[in-house]
Amino acid sequence: MSLRAKTAVYGILCVLAVPFLFPTWWMITSSMKPVNDIFRFPPTLWPTDVDFAAYRQVFDLQPFARQYVNSMYIAALVTVGTLAVASLAGYAFARIRFRGANLLFLVILTGLLIPSEVTIVPLFQMFHTWGMVDTHWPLILVPIFGAPSVLATFIMRQFFIALPGELEEAARMDGLGRFGMFARIALPLARPALGAVAIFTFLHSWNLYLEPIVFLSTKERFTLPQALTQFVDAYGGPMWNVQLSAATLTAIPVLIVFVIAQRQFVEGLAHTGLKG
Amino acid sequence: MRTRVLAAALAGLLALGTAACGGEDPADTGPVSLRMTVWTSNEAHLKLFTDIATAYKASHPTVSEIKFDPIPFENYTTTLTTQIAGGNGPDLAWILENSAPDFVNSGALADLSGKITESADLSASAAKLWTVDGKLYAYPFSTSPFGVFVNTTMFTAAGLSSPADMVKNGQWTWDNVVKAGATINAKTGKAGMVVRDFDYKSWDNLASVWRGWGAQAWSEDGKTCGFNQQPMVDAMTFLHKGIFTDKAFPGPGTTADFFAGQSAMTITQISRASLLKDAKFTWDLVPLPTGPSGKYAVIGQAGLGALKKGKHADVAADFLAFFTNPENSAKLAAYFPPPRKSQLTAENLAKTNPLLKPEQLQAVVIDGISTGVVKPSHIGQAELAQAVRAGLDPLWKPDADVKAVLDGVCSSISAQLAK
Amino acid sequence: MQNTFWTSRRRDHLAGYLFVAPQLIGSIVFVFVPLGLIFWYSLHEWNVLAGTFEFTGPDNYDQLANDPKLGSVLTATGLFSAGLVVLNLSLALLLAVLLNQRLRGTVAFRTIFFSPVVVSLVAWTIIWGFLLQDNGGVNGLLQAVGADGPNWLRGETTAMISVIVVQVVKNVGLNMVLFLAALQGVPGDLYEAATIDGAGRWRQFRSITVPMISPTILLTSIITVVGSLQVFAQIAVLTQGGPGTSTTVLVYYLYQQAFQFHHFGYGATLSVLLFAIVLILTVVQWQMRKKWVFHES
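Chains as they are written, first to last, in the numbering used here: chain A, 1 to 276; chain B, 1 to 419; chain C, 1 to 297.
Simulated from the structure, these hints should not be mistaken for laboratory data.
The reader is advised that the hints may include incorrect statements.
Unchecked claim - Chain C side only, calculated, beta carbon under 8 Å to chain B, not exhaustive: (1) H44; (2) G51; (3) F53; (4) L87; (5) S90; (6) L91; (7) Q133; (8) D134; (9) Q143; (10) A147; (11) P243; (12) G244; (13) T245; (14) F259; (15) Q260.
Unchecked claim - Covered, in the sense of this in silico footprint (three residues per stretch, anywhere, with C-beta under 8 Å from a C-beta of chain A), are these stretches of chain C: (16) 6-18; (17) 28-35; (18) 112-124; (19) 223-235; (20) 250-257; (21) 267-274.
Virtual Cβ for every residue (Gly too), placed ideally from N, Cα, C.
Just chain A, with the same shape it has in the complex (with noise of 0.2 Å):
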């Protein structure tokens, strides 16, 4: 490639890079910064003086400790149950052929559709039958068994349908039945895919925002992203340092994970065979 195609190829990704980068690296350093010196204009690059009291009182705040433990558990939850209802599921419908099982499959494909904000409101009012209002259990069954899983079981299936036969075969000659094979032969094959699914499902569980906010009240229940917008002052005016320090907090974690871990992550993501 000539000199003139790689300076301009580099050119123009660094252009683009400065959005991708610029938020996340104006919210550390905002979160640094004194109240006053987050609005100054024009907006300083590096805090001048660094002052990290923001970050004490967004533990003083809220019970952000918890709150945090609360998003971790629950998405590791959800991760865990979704991989298992998707890969069984996957695994039948790409390996297993039985009656009206094309027609089943569109049926749940259909729930892809269906955006949240839709069905919330039934939703609430069956919780609350069941009296598991302001329990985390609403965020943790409907993702299992919603949207985002559906799209696991899609994943899972792509993956599945892909895999050789002949191994199955073998498996079956040596008289292991049905779920023996699934879970001896095809599931230890999978890993790329269970771990591309794990992530979109962790993410996507640890990012809720409606949900939270409709079915919790008490504080120590809230999640995350809940969490973030509650840092007001007594009158309901934003605490902006806290904001972002909590915010800060909130991204940090998953961001290092996944600076160390993102040649997994995007490799896993590509052998979805979600190419088509």
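Take the given structure of chain A and dock chains B and C to it, following the hints.
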């Protein structure tokens, strides 16, 4: 083997189902737990409430718990109504003055007539918004007039006479306020006057400005639109000029917090005085400036109601009566100006408002409450407010045609007002 | 007794049903039952505060047909979705093509472009809310290069552009990765043969690359279109549907009606409309695949 596993799973599922469903026993004879939604998370406020609750529990052993549940102010009414919609409503709730008509007329609140101790002491004007057909549905525990906090350090630095002097000399007018704001902004770059909580979204806070022209959002009976009447047009034209030509107010999208020292003046309710505890500048509290139609006062209110659908509506109403009796009312007066005429004296308020001087309290609070007009409210408030807000958006541009925008507002809300 | 009913095939069928049962039952309970309830609510007038729930039949649908605001809501929704899909797909393809050139440092760039995907959506939106203020970071940056930025969230067009850009930057990394994978699956000899035949880069892109990755384009297009109709948090946090009603898209209008104005019945009606639109668009796109997607027979 398989059938046994299946049976166990089914049994477990059924058990889970009944456990979840079976928890709806009305606890008539069991311990009573009450929840009151509030919009403040100020520690001092909550401590006061908890102390009052402890006193009540001591004399009412069946009540085991009284929780105060802060919901953020910005979405308070939406969140409260969503809770009620889902059957998860509180026993007691604070109510904003702008949603008073909706709540009071809906039949959702319990009738408090006869329960309030010494109700004759309540100021009639304070209770007006919360009464329907002579019955009181919510106790107006806080009547908070709007005043102007001023940063006297900034005034002196800009070479202007202090607002207190201007008040004394009868020069505290809107024209002069804009001139002062423009001067300070030109000299120091800091904002002149900030109408707090307006932020180009919550337009009902502009009532603290347009009353100076005698304007109103809608007629007394709520049926006629007031936005395109002459007083409002004049008020909005003045405001528009002040924002875009004189630059006395910060423009849309610019934040300036008076309490952080970023503006010279701010219009807000006096309860914000507590934010000035650690102020690094000298400040003063003065009444609203006079407008072309003379002196005026605007008040915000907050009511406390008991929800009829609550599990223990009687106990809730009883606690409400206790919470608002003369003795506790005096304690609440520390932060929330009471509706009880006997307690509305400058000395009384000053005792519990250490940051404000009796003269300030008399001029702003007491006179304000007796003459003040409440912020606009109407049935179907949420939808109406959103329509007005959307209608006013074109006004906040440098080249807006004020009359045309206001006509637009009226045409978009006239159908709803007529209901 | 001989177990002749449960032949190995029948056992296999049973396994199939059992495997999909959790997903299927779950979908019915948490997706289809609520959907049915939504249809049911749309036939009622539900006053929350007064506690009344009256059957009103098609009244809500009449209201929908005559709603003066519906036109602007649908226009806003159309503009938003179209803008988002076009920007997202073209940017994703551009980035994928650029990163597919075997140059040093592409891994770092890939990480940068993907990073917003993992940042919390609410955090991301709040940050952009700051940056887009008249005296915020974006205008500061523009000032540094001598340009004068508008008041982003306060103009009708600029607000729409802002919301689109914020959403695209957040999610384009995902589509970029999918396109990258697809690009890497195109056999290199196709390009070699084309170069020998004298085809320039652009011609190669148009006639080789695009058809070869068209299945991926179709799939990401469907997912992005469906996703664009569900964008809620950005609008709720950044513009609250304003200025005026310029960014009130259908899903946000639904939220206003149901949760802010407490017209739950009418909100349900809007939900039905939204579902219908999504369904139609998806079916149309899927049917078009015979025309647009290149199949190696």
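How the hints compare with the structure:
A hinted interface residue such as H44(C) counts as satisfied when its beta carbon comes closer than 8 Å to some beta carbon of chain B; here the least separation is about 13 Å, so the hint is violated. Here the hint on G51(C) is kept, as its CB sits about 7 Å from the closest CB of chain B, short of 8 Å. A least Cβ separation of about 11 Å between F53(C) and chain B goes past the 8 Å threshold, and the interface hint is therefore violated. Interface hint status for L87(C): violated, as the beta-carbon distance to the closest one in chain B is roughly 24 Å, over 8 Å.
Evaluation of the S90(C) hint against chain B yields a violated restraint, the C-beta minimum of about 30 Å exceeding 8 Å. Because the smallest distance between the Cβ of L91(C) and any Cβ of chain B comes to about 27 Å, over 8 Å, the interface hint for this residue is violated. At its closest, the beta carbon of Q133(C) sits 5 Å from a beta carbon of chain B; the interface hint therefore holds under the 8 Å criterion. Against a cut-off of 8 Å between C-beta atoms, the interface hint on D134(C) holds, since the closest Cβ of chain B lies about 4 Å away.
Of the supplied interface hints, the one on Q143(C) is violated, with its beta-carbon coming no nearer than about 15 Å to a beta-carbon of chain B, more than 8 Å. Interface hint status for A147(C): violated, as the beta-carbon distance to the closest one in chain B is roughly 17 Å, over 8 Å. Restraint check, P243(C) versus chain B: the minimum CB separation of about 4 Å is within 8 Å; hint holds. Taken as an interface hint, G244(C) checks out: its beta carbon lies about 4 Å from the nearest beta carbon of chain B, inside 8 Å.
At its closest, the beta carbon of T245(C) sits 5 Å from a beta carbon of chain B; the interface hint therefore holds under the 8 Å criterion. A hinted interface residue such as F259(C) counts as satisfied when its beta carbon comes closer than 8 Å to some beta carbon of chain B; here the least separation is about 6 Å, so the hint holds. Because the smallest distance between the Cβ of Q260(C) and any Cβ of chain B comes to about 5 Å, under 8 Å, the interface hint for this residue holds. Three residues within the 8 Å Cβ limit are the bar, and the region 6-18 of chain C against chain A gives 6, so the coverage statement holds.
Residues of the region 28-35 of chain C with a Cβ under 8 Å from some Cβ of chain A number 7, which satisfies the need for three, so the listed coverage holds. Coverage of the region 112-124 of chain C by chain A holds. Counting CB-CB distances below 8 Å, 13 residues qualify, and the rule asks for three or more. Counting residues of the region 223-235 of chain C whose beta carbon lies closer than 8 Å to any beta carbon of chain A gives 5, which meets the minimum of three for the stated coverage. Under the rule that three or more residues need a Cβ within less than 8 Å of chain A, the assignment of the region 250-257 of chain C holds, with 3 such residues.
Check result for the region 267-274 of chain C against chain A: holds, 4 residues qualifying (beta carbon to beta carbon below 8 Å, three or more required).
Checked against the numbered hints given earlier, the structure breaks hints 1, 3, 4, 5, 6, 9 and 10 and satisfies all the rest.
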